[in-house]
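With chain A's structure known, arrange chain B on it following the hints.
Single-letter residue listing:
Protein chains: 2
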Amino acid sequence: MCKKDSLISSELSCKSTWKPGTLIYPLPAALISCGNGNEINIMTVSWLGTICTNPPMCYISVRPERHSYDLIKKNGCFVINLTNEEMAFATDWCGVKSGKDINKFKEMNLTPLKAQVVDAPIIKESPLSIECEVVEIKELGSHHMFIANVVNILADEKYIDKNSGAFDMTKAKLIAYSHGKYYKLGEEIGHFGWSVKKK
Amino acid sequence: MCKKDSLISSELSCKSTWKPGTLIYPLPAALISCGNGNEINIMTVSWLGTICTNPPMCYISVRPERHSYDLIKKNGCFVINLTNEEMAFATDWCGVKSGKDINKFKEMNLTPLKAQVVDAPIIKESPLSIECEVVEIKELGSHHMFIANVVNILADEKYIDKNSGAFDMTKAKLIAYSHGKYYKLGEEIGHFGWSVKKK
Chain A
1129 MCKKDSLISS
1139 ELSCKSTWKP
1149 GTLIYPLPAA
1159 LISCGNGNEI
1169 NIMTVSWLGT
1179 ICTNPPMCYI
1189 SVRPERHSYD
1199 LIKKNGCFVI
1209 NLTNEEMAFA
1219 TDWCGVKSGK
1229 DINKFKEMNL
1239 TPLKAQVVDA
1249 PIIKESPLSI
1259 ECEVVEIKEL
1269 GSHHMFIANV
1279 VNILADEKYI
1289 DKNSGAFDMT
1299 KAKLIAYSHG
1309 KYYKLGEEIG
1319 HFGWSVKKK
Chain B
1129 MCKKDSLISS
1139 ELSCKSTWKP
1149 GTLIYPLPAA
1159 LISCGNGNEI
1169 NIMTVSWLGT
1179 ICTNPPMCYI
1189 SVRPERHSYD
1199 LIKKNGCFVI
1209 NLTNEEMAFA
1219 TDWCGVKSGK
1229 DINKFKEMNL
1239 TPLKAQVVDA
1249 PIIKESPLSI
1259 ECEVVEIKEL
1269 GSHHMFIANV
1279 VNILADEKYI
1289 DKNSGAFDMT
1299 KAKLIAYSHG
1309 KYYKLGEEIG
1319 HFGWSVKKK
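Protein chains in written order, with my numbering: chain A, 1129 to 1327; chain B, 1129 to 1327.
Chain A on its own, in the form it takes in the complex (with noise of 0.2 Å):
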């Protein structure tokens, strides 16, 4: 319990105001891939993420203008791959680069596979692909969100131990993109739940 007029000063002079804006950091830059029958794409998004743990939930938020934003909407399915290091590069240029008139899996030399429970390629040089099927449509302005459901998860065995079975992050080499830069992830500070078992 904590009251809070003994609490709060209103002492703000070290802080700078801004207005409104979208900074939310370090977010992961997710490689979608997407679309069924003649044509298929892949898009780059920071706009994304968990909003439910049970059932798993995800969500992406998308521009209408996008080259994927109608295949998605049309096939009710998309796949979220994970990027990592090698990655970089091609998750730069498929979020600058527009499907419309480019096939980014052969530019890119990513090799697209048939997905499990989606109508959607997954992308196999991802360490990890999460296939999501769309429940709702929100616009909300200069973005769309979708939201779905985690119906299936392909995750590449080579980063599986075999001793313990688990995949592992860690190998994986994951990247991460914050406010307009990719970076590694650096040094382990803790695992969930240190600050209690150290105490």
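Treat the hints as calculated values from the structure; they're not laboratory data. Every value quoted in this text rests on a predicted model; they were computed, and no experiment measured them. A portion of the hints provided could be inaccurate.
One copy or two, either will do: identical chains are not told apart, so a pair holds if it fits within one copy or between any two.
[Unchecked claim] List of simulated lysine-lysine pairs, DSS-like, C-alpha gap at most 27 Å:
#1 K1143 / K1252
#2 K1301 / K1312
#3 K1201 / K1299
#4 K1242 / K1202
#5 K1201 / K1225
#6 K1286 / K1225
#7 K1201 / K1266
#8 K1299 / K1286
#9 K1290 / K1201
#10 K1147 / K1252
#11 K1143 / K1301
#12 K1286 / K1312
What follows is chain B alone, placed relative to chain A:
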């Protein structure tokens, strides 16, 4: 343009199938400050993100059992405080402990300051505090998603470059959370658009 049938191989032998889960990483581990009137609190959240650029909107997903849930629901606002290496211990601790019985600000030596727009505290020690006003609550399952407008940003002046006037995210030393572990951000790989300039 990318024709699917000629491109998608059905060879999934290198992939291991998992049941659906929450595996989008790396993410922020943000400290959410909330409360007004008699009580304020802090909780740690990784299910958060940007959902729209214009207008700037974001979300946090929270279990209804958490002590902060009712405070946010009642007051209709919260603050997302980004966390850095110095705050890593407090970040983990505030995610494990409940504010029902504890004054988390006091225990972790964090300083509540009055936000500028919303009726909630910000955390002085955070490099960047994002003031949010709830516009909708979606009851998804284990977690309810608070959809919010970003209404103000407070940035710590010590991370603002005196020459350019820009906030230096690199200096802020943000931390990332990935599959149960906290990490420093490591080596910079490139900036948005580098793949095109390089060519």
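Comparing the hints with the structure gives:
1. Only between protomers do K1143 and K1252 lie at most 27 Å apart by alpha-carbon distance; the minimum there is 8 Å, versus 46 Å within a single protomer.
2. Taking the shortest alpha-carbon separations for K1301 and K1312, both the intra-copy value of 7 Å and the inter-copy value of 13 Å come in at or below 27 Å.
3. Taking the closest pair of Cα atoms, K1201 and K1299 never come within 27 Å of each other, the shortest separation being 34 Å inside a single copy and 40 Å across copies.
4. For a Cα distance limit of 27 Å, the shortest separation of K1242 from K1202 inside one copy, 18 Å, qualifies, whereas the shortest one across copies, 46 Å, does not.
5. Proximity of K1201 to K1225 under the C-alpha cut-off of 27 Å is restricted to the intra-copy arrangement: shortest distance 20 Å within a copy versus 41 Å between copies.
6. Proximity of K1286 and K1225 under a CA criterion of 27 Å is satisfied in neither setting, with 30 Å inside one chain copy and 36 Å between copies.
7. For the homomeric pair K1201 and K1266, the shortest alpha-carbon distances inside one copy (11 Å) and between copies (21 Å) are both at most 27 Å.
8. In this assembly of identical chains, the alpha carbons of K1299 and K1286 lie at most 27 Å apart only when taken from the same copy (9 Å versus 35 Å across copies).
9. Proximity of K1290 and K1201 under a CA criterion of 27 Å is satisfied in neither setting, with 39 Å inside one chain copy and 45 Å between copies.
10. For the identical chains of this complex, K1147 and K1252 are inter-copy neighbours only, at 18 Å across copies versus 41 Å inside a copy, given an alpha-carbon limit of 27 Å.
11. Taking CA atoms no more than 27 Å apart as the test, K1143 paired with K1301 passes between copies only; the shortest distance there is 17 Å, against 35 Å inside one copy.
12. In this assembly of identical chains, K1286 and K1312 lie within 27 Å of each other by CA distance both inside one copy and across copies; the values are 19 Å within and 25 Å between.
Violation of the numbered hints given earlier is confined to hints 3, 6 and 9; the remaining hints are satisfied by the structure.
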